[in-house]
Amino acid sequence: MWRYALPIAAFLIVAGFLYRGLSLNPRYIPSPMVGQPAPEFSLPSLRDPSTEIGTADMRGQLSLLNVWGTWCVECRYEHAFLLELSRTSGIPIYGFNLKDDRESALEWLATLGDPYVESAADVEGYVAVDWGIYGAPETFLIDRDGTILHKHISPLTPDTWARDFLPIVREKCGSLPCPMVNGE
Amino acid sequence: MSVARLPTVLAMLIALVAGSAVLAIDAENGFEDPALNARYRALIDEIRCMKCQNQSIADSPIDVAADLRRQVHDMMAENRSDAEIKSYLSSRYGDFILYRPPLKPTTWALWAGPAVLLAIGGFVFARILRAYARRPIDPDDVT
Chain A
2 MWRYALPIAA FLIVAGFLYR GLSLNPRYIP SPMVGQPAPE FSLPSLRDPS
52 TEIGTADMRG QLSLLNVWGT WCVECRYEHA FLLELSRTSG IPIYGFNLKD
102 DRESALEWLA TLGDPYVESA ADVEGYVAVD WGIYGAPETF LIDRDGTILH
152 KHISPLTPDT WARDFLPIVR EKCGSLPCPM VNGE
Chain B
18 MSVARLPTVL AMLIALVAGS AVLAIDAENG FEDPALNARY RALIDEIRCM
68 KCQNQSIADS PIDVAADLRR QVHDMMAENR SDAEIKSYLS SRYGDFILYR
118 PPLKPTTWAL WAGPAVLLAI GGFVFARILR AYARRPIDPD DVT
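Sequence lines, in order, name chains A and B.
When we follow my numbering, the leftmost residue of the first sequence carries the number 2, and every step to the right adds one.
When we follow my numbering, the leftmost residue of the second sequence carries the number 18, and every step to the right adds one.
Rather than coming from a laboratory, the hints here were simulated on the basis of the structure.
Check each hint, because a few of them may be wrong.
[What the hints assert, rightly or not] With a Cα cut of at most 27 Å, we get these calculated BS3-like pairs of lysine-lysine:
id: 1; chain 1: B; residue 1: 68; chain 2: B; residue 2: 121
id: 2; chain 1: B; residue 1: 103; chain 2: B; residue 2: 68
id: 3; chain 1: B; residue 1: 103; chain 2: B; residue 2: 121
id: 4; chain 1: B; residue 1: 121; chain 2: A; residue 2: 100
id: 5; chain 1: B; residue 1: 68; chain 2: A; residue 2: 100
What you are looking at is a predicted structure, and each value in this text was computed from that prediction instead of being measured.
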């Protein structure tokens with residue numbers, strides 16, 4: 002009995018793992034930062050480098066932080082949907098311009114449209130490491146008190162928005178567009 | 018291709034392969050102090066490049082890997098311990114960034130898996146040996 006049961010059981014267990022592996026996305030790595038307070042940062046504004054943009058500006062409102070760069074092809078793909086979100090969602094989108102050239106970045110926004118309330122320019126990439134960012138596009142949903150509610154890696158699409166972001170947004174805002182809460 | 022050109026082509030190929038291996042590391046110099054430098058090298062060898070996944074940040078030539086090496090370098094220069102640096106990185110990127118993730122409920126299967134499989138294999142092997150040893154010797158089998 003054991004003679005047959007053991008190899009068959011072993012085979013089934015291994016087959017089960019392999020079968021599960023077929024439908025897993027190896028690029029999907031859950032972020033440990035979800036549920037944690039967002040790391041504080043303050044970086045020069047892309048538009049006006051003499052002013053600073055940071056977590057302090059995002060307090061008091063539900064907001065999105067979108068990592069982008071002109072070197073990022075998928076960001077171009079995502080851009081149209083970001084513009085739509087900026088018009089319809091009522092949630093301010095902050096840009097995180099990663100390791101980019103200022104001139105090209107400004108030209109990008111002038112040509113394609115600017116969905117961002119403000120963009121912070123992280124030329125050196127120090128803040129990006131502190132945020133666990135390892136590419137673009139990445140999008141964070143951040144609560145009024147600065148807690149990271151969700152992190153999405155890869156372009157934002159209507160589908161991922163509806164599936165992963167909207168339920169959280171509805172829970173936090175009640176109705177859409179999201180009512181703004183000013184100050185703390 | 019003519020035979021005369023072969024040595025040149027071979028030399029170029031060798032240069033290409035050897036060049037790519039040192040490219041990532043030679044971008045920065047690590048530390049002057051040999052002991053500190055050895056610690057730095059060992060540490061970046063154990064940190065995964067999140068973008069390339071099957072390379073350590075020591076091996077990867079891409080930009081984010083260089084940023085992480087810089088982070089490790091800076092934290093070491095601030096006298097932070099290996100454990101502190103690893104916990105800093107895994108709190109931001111997840112345990113996946115460490116080639117040797119910490120032992121905890123979600124990684125028990127990962128750590129115990131090989132030992133369990135080895136134990137099962139040993140058990141089966143021992144049973145087969147025992148069954149074999151118990152078999153009476155067949156004179157026809159002896160050669």
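Handout entry: Violated constraints from the hint list, given by number and in increasing order
Key = Violated: hint 4 alone.
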